[in-house]
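Chemist: Chain order of the listed sequences is A and B.
Start counting the first sequence at 1265; every next residue gets the next number (the numbering used here).
Start counting the second sequence at 1265; every next residue gets the next number (the numbering used here).
Check before you lean on any hint, since a few could be wrong.
[Unchecked claim] Taking lysine-lysine pairs in the DSS-like style, the calculated list, with each CA pair at most 30 Å apart, reads:
hint	chain 1	residue 1	chain 2	residue 2
1	B	Lys1338	B	Lys1365
2	B	Lys1297	A	Lys1283
3	A	Lys1322	B	Lys1363
4	B	Lys1363	A	Lys1297
5	A	Lys1319	B	Lys1283
6	A	Lys1346	B	Lys1363
7	B	Lys1319	A	Lys1312
8	B	Lys1297	B	Lys1283
9	B	Lys1363	A	Lys1319
10	A	Lys1365	B	Lys1312
11	B	Lys1340	A	Lys1312
12	A	Lys1322	B	Lys1283
13	A	Lys1346	B	Lys1283
14	A	Lys1297	B	Lys1297
15	B	Lys1297	B	Lys1338
16	B	Lys1365	A	Lys1283
17	A	Lys1346	A	Lys1283
18	B	Lys1346	A	Lys1346
19	B	Lys1322	A	Lys1363
20	A	Lys1283	B	Lys1312
21	B	Lys1340	B	Lys1283
22	A	Lys1365	B	Lys1346
23	B	Lys1322	A	Lys1283
24	A	Lys1322	A	Lys1283
25	B	Lys1312	B	Lys1365
26	A	Lys1283	B	Lys1338
27	A	Lys1322	B	Lys1365
28	A	Lys1363	B	Lys1283
29	A	Lys1338	B	Lys1340
30	B	Lys1297	B	Lys1312
31	A	Lys1346	A	Lys1297
32	A	Lys1283	B	Lys1363
33	A	Lys1365	B	Lys1297
34	A	Lys1363	B	Lys1297
35	B	Lys1365	A	Lys1340
36	B	Lys1346	A	Lys1340
37	A	Lys1319	A	Lys1338
[Stated by the list, open to error] What follows is a list of derived Cβ distance ranges for each label pair:
hint	chain 1	residue 1	chain 2	residue 2	range
38	A	Glu1294	B	Glu1351	26 to 32 Å
39	A	Glu1362	B	Asp1332	32 to 38 Å
40	B	Glu1301	A	Glu1362	31 to 37 Å
Just so you know, these hints were derived from the structure itself, not from any lab.
Here the structure is a predicted model, which means the values were calculated and not measured.
Beta carbons are placed, not taken as given, at the ideal position from N, Cα and C, and that holds for glycine.
Number of protein chains: 2
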Amino acid sequence: MGKRDFCPLTAASEVLSRKWSLVIVGRLLEGGKRFSELRASIPEISPKVLSSTLKALKNHGVVERMVDDGSPVKVKYRLTEKGLDLEGIVESLEEWGEKWKNRR
Amino acid sequence: MGKRDFCPLTAASEVLSRKWSLVIVGRLLEGGKRFSELRASIPEISPKVLSSTLKALKNHGVVERMVDDGSPVKVKYRLTEKGLDLEGIVESLEEWGEKWKNRR
């Protein structure tokens, strides 16, 4: 069994398969957010997991970090073009999650 | 920060956030498959991870296991109605994965 060629679904899964990746993308679709704002919008997530997931999303080019060098310095996270292109998928997942929430 | 109400995106993420969940669903959209057929179609996955991911997908009601009690007994995995309802999302993810494969 040789290594398969490029599989777009595997590639997409690698970007989005961390537990909170999709939820973070969903929150950032509302607009750029500070770390504390993201944390407040996802109470179940620990700072450590939020930080590592943001880093992974940044490495995959889905999220970018903006530094407003006022005083004090302010850091915001926002979706890149690649990240914004996930909007339709996130909406469909929300609909799927809602439709099947009490059904197996 | 109290526990949030039901978040459909978090619910969907919980079902699909294992590394290979979406890829397995993608393969099963082609039709029911035996364990060996699934393994052959995803060379990068280990039997242990394939087995635990199938179990999780079964627990979430996305996959079901069919036993053909001929001789020898044959076991196939197929998508439930809930699983089949992911088809549009899987297709969109494939398009997204293809579109952004070399772009950040």
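Chemist: Now tell me if each hint is right for this structure.
Modeler: Quick rundown of the hints versus the structure:
| no. | hint | result |
| --- | --- | --- |
| 1 | Lys1338(B) x Lys1365(B) | violated, 38 Å |
| 2 | Lys1297(B) x Lys1283(A) | holds, 26 Å |
| 3 | Lys1322(A) x Lys1363(B) | holds, 18 Å |
| 4 | Lys1363(B) x Lys1297(A) | holds, 26 Å |
| 5 | Lys1319(A) x Lys1283(B) | holds, 17 Å |
| 6 | Lys1346(A) x Lys1363(B) | holds, 9 Å |
| 7 | Lys1319(B) x Lys1312(A) | holds, 28 Å |
| 8 | Lys1297(B) x Lys1283(B) | holds, 19 Å |
| 9 | Lys1363(B) x Lys1319(A) | holds, 22 Å |
| 10 | Lys1365(A) x Lys1312(B) | holds, 28 Å |
| 11 | Lys1340(B) x Lys1312(A) | violated, 40 Å |
| 12 | Lys1322(A) x Lys1283(B) | holds, 18 Å |
| 13 | Lys1346(A) x Lys1283(B) | holds, 20 Å |
| 14 | Lys1297(A) x Lys1297(B) | violated, 43 Å |
| 15 | Lys1297(B) x Lys1338(B) | holds, 10 Å |
| 16 | Lys1365(B) x Lys1283(A) | holds, 22 Å |
| 17 | Lys1346(A) x Lys1283(A) | holds, 19 Å |
| 18 | Lys1346(B) x Lys1346(A) | holds, 28 Å |
| 19 | Lys1322(B) x Lys1363(A) | holds, 18 Å |
| 20 | Lys1283(A) x Lys1312(B) | holds, 20 Å |
| 21 | Lys1340(B) x Lys1283(B) | holds, 21 Å |
| 22 | Lys1365(A) x Lys1346(B) | holds, 10 Å |
| 23 | Lys1322(B) x Lys1283(A) | holds, 18 Å |
| 24 | Lys1322(A) x Lys1283(A) | holds, 16 Å |
| 25 | Lys1312(B) x Lys1365(B) | holds, 28 Å |
| 26 | Lys1283(A) x Lys1338(B) | violated, 33 Å |
| 27 | Lys1322(A) x Lys1365(B) | holds, 15 Å |
| 28 | Lys1363(A) x Lys1283(B) | holds, 23 Å |
| 29 | Lys1338(A) x Lys1340(B) | violated, 54 Å |
| 30 | Lys1297(B) x Lys1312(B) | holds, 17 Å |
| 31 | Lys1346(A) x Lys1297(A) | holds, 17 Å |
| 32 | Lys1283(A) x Lys1363(B) | holds, 23 Å |
| 33 | Lys1365(A) x Lys1297(B) | holds, 26 Å |
| 34 | Lys1363(A) x Lys1297(B) | holds, 26 Å |
| 35 | Lys1365(B) x Lys1340(A) | holds, 26 Å |
| 36 | Lys1346(B) x Lys1340(A) | violated, 37 Å |
| 37 | Lys1319(A) x Lys1338(A) | holds, 17 Å |
| 38 | Glu1294(A) x Glu1351(B): 26 to 32 Å | holds, 27 Å |
| 39 | Glu1362(A) x Asp1332(B): 32 to 38 Å | holds, 35 Å |
| 40 | Glu1301(B) x Glu1362(A): 31 to 37 Å | holds, 33 Å |
In summary, the structure is inconsistent with hints 1, 11, 14, 26, 29 and 36 from the numbered list given earlier, while agreeing with the others.
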